[in-house]
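Colleague: With the hints as extra help, turn the sequences into a complete structure.
Which chain is which? The protein sequence lines are A and B, in order.
The first sequence begins at 1 in our numbering and counts up by one.
The second sequence begins at 1 in our numbering and counts up by one.
Think of the hints as simulated: they come from the structure by calculation, not from any bench.
Keep in mind that this is a model prediction, so the values were computed, not measured.
Some hints could be false.
Stated by the list, open to error - Covered, in the sense of this in silico footprint (three residues per stretch, anywhere, with C-beta under 8 Å from a C-beta of chain B), are these stretches of chain A:
no. : region
1   : 38 to 52
2   : 83 to 97
3   : 101 to 113
What the hints assert, rightly or not - In silico BS3-like cross-links for lysine-lysine, where the CA-CA straight-line distance does not exceed 30 Å:
no. : chain 1 : residue 1 : chain 2 : residue 2
4   : B       : Lys-5     : A       : Lys-107
5   : A       : Lys-210   : B       : Lys-250
6   : A       : Lys-113   : B       : Lys-91
For every residue, glycine included, the Cβ atom is placed at its ideal position computed from N, Cα and C.
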Amino acid sequence: MNAIEIEGLTKKFNGFTAVDNISFFVEEGELFGLLGPNGAGKTTTINMLSTILAPTSGKAVVAGFNVLKNRNDVRRSIGIVFQEPALDGKLSGKENLEFHAMMYGMKKDEFKKRINEVLELVELTDKAGLLVEKYSGGMKRRLEIARGLIHRPKVLFLDEPTLGLDTQTRRHVWDYIKKLNKEGNVTIILTTHYMDEADYLCDRIAIIDKGKIVALDKPKQLKDLLGGDIVSLEVNQDCKAFILELNKLKWIKALKQHNCFIDLTLEKGEKRIPELIAFAQKLSVKIDSVSLRKPSLEDVFLHFTGKTIREEEAGIKERNKQFVHGRMRA
Amino acid sequence: MINLKAVYVLWLREMKRFMRAKSRSIGLIAMPLFFLVFLGFGLNNMPIPGLSKEVDYITFLVPGIIGMSMLFSSMFAGISVLWDREFGFLKEIMIAPVNRVSIVIGRIAGGTTTALIQGIMVLVISFFIGFNLISILSFLLAVLFMILIAVTFIGLGLIFASKMRDMQGFSLIMNFVIFPLFFLSGALFPLENLPLWVRYISFIDPLTYGVDGLRGALIGVSVFPLAFNLIVLLGFSLLMVLLGTYFFEKSEYI
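Modeller: Put into structure tokens, the structure is as follows:
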């Protein structure tokens, strides 16, 4: 059985399409990632799957229940960790967990044991009595993950689980997520705009941009799609002629120009660099810098969207600004 | 239909927050007490138009100030949903497998209890400035009116909260809703001598019946019969619970 099945899911806000006709499925026990820039529609997708938002059109089934017709069944079967903290700072960590357990209809003797278990899991047992307003950002995150697990959900949604955490805490949270998925046998769907996070954690990744899924596969397969290493040449001059010449080289599989950088996809990059430099010298093109890297998901994203994730985010911010202005004028 | 466990846990949360936020409860009770002490002593020997000879002004004022305290703390309790929205906790409540009616009732139960505690505190303090209870029965009747006032205005608070994005609009509601409701209710002075059109407006103010009912219960003097006040207020509170639930369910901002 699939944990999640989505068909043609769409969400429009006042004529602005946030999620545009997406379809995919997530297998039971999978750790699935939605990767994309801020504003790409990841959170909107999660909100529809977790019954917070009603889809404009399309169908979504979570843990066997339709998100529109069986909302309460879906709610009972899922856990969710929101992007922004959703804790009561005036309650202690433990009280936050007890509140959750009771809202989900658990019995006292049942949830007492369970709360100790999940506190243990996220290593917050000795901080359980402290008011949450005194917690650090990382502790809050961990407490929320623990809370999402109390009622033993079949599917756990994590919306940007490591946003705003320092590197060390991020590593910690990653380990919890992996452990949960493998040992707890929980299907996990997470959203992230960190390439390394998606790469490290996810079994499969859907790359989402402007509300559409542009690619969906295992991280390795996605990277293999690019067909080799990437050599990036920095050329601070008009390089049209140079690119024309480069295009004639048979062993260059793909070429992308990006400001004053030229990204070449080729095999055995380290051996080709001397050759490339000699080639440039022959044409009297001055190369300012050379770098070689194994393909990352960032390159995959660039490959499919023609932009880096950072540029895409800047563009979305601009678009949203106009969107808000437009609405204010209207 | 109503999830009692959810109602209980929402109520429990309000109690814990109330106990931990002492400055909030003291702040909410301070204003009614200032009104009571300064107005009460300041105007006690003045001839107040419309006030019957047997009742001195402080005695007349105490039920009004209890009504005021109930109005302020209840409206605040209803609108405080916005705090939960601001701190994200509303999402945690809304995503639970609990229907909206239970959530609204849980919030009303919590808000009513905290408002009631504050109202009774005002009553107890008024004993020290010379107010006397007629009987235990009159106290119980007053508590009943206090509960109905609380339910009515928490419901009204929820309606406003569902239309607001954040707490910034609260001062607007304070000036244009809460204070008019308070002044028009007859809490501070008898309404009989006011121009007719003002009196008509006061008839649609639920607090009018609340304050009059409290007066009937606590000092045995009221404009309307006690049962009439009770029925009207009961109607208002039911209406507000229904509307509050409706708007809370329709609210777009989580």
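Colleague: Could you run down the list of hints and mark each one as holding or not?
Modeller: Evaluation of the provided hints:
1. 38 to 52: Holds, because 3 residues of the region 38 to 52 of chain A bring their Cβ atoms closer than 8 Å to Cβ atoms of chain B.
2. 83 to 97: Check passed, 9 qualifying residues.
3. 101 to 113: holds (count 4)
4. Lys-5(B) to Lys-107(A): holds, 10 Å
5. Lys-210(A) to Lys-250(B): holds, 28 Å
6. Lys-113(A) to Lys-91(B): holds, 25 Å
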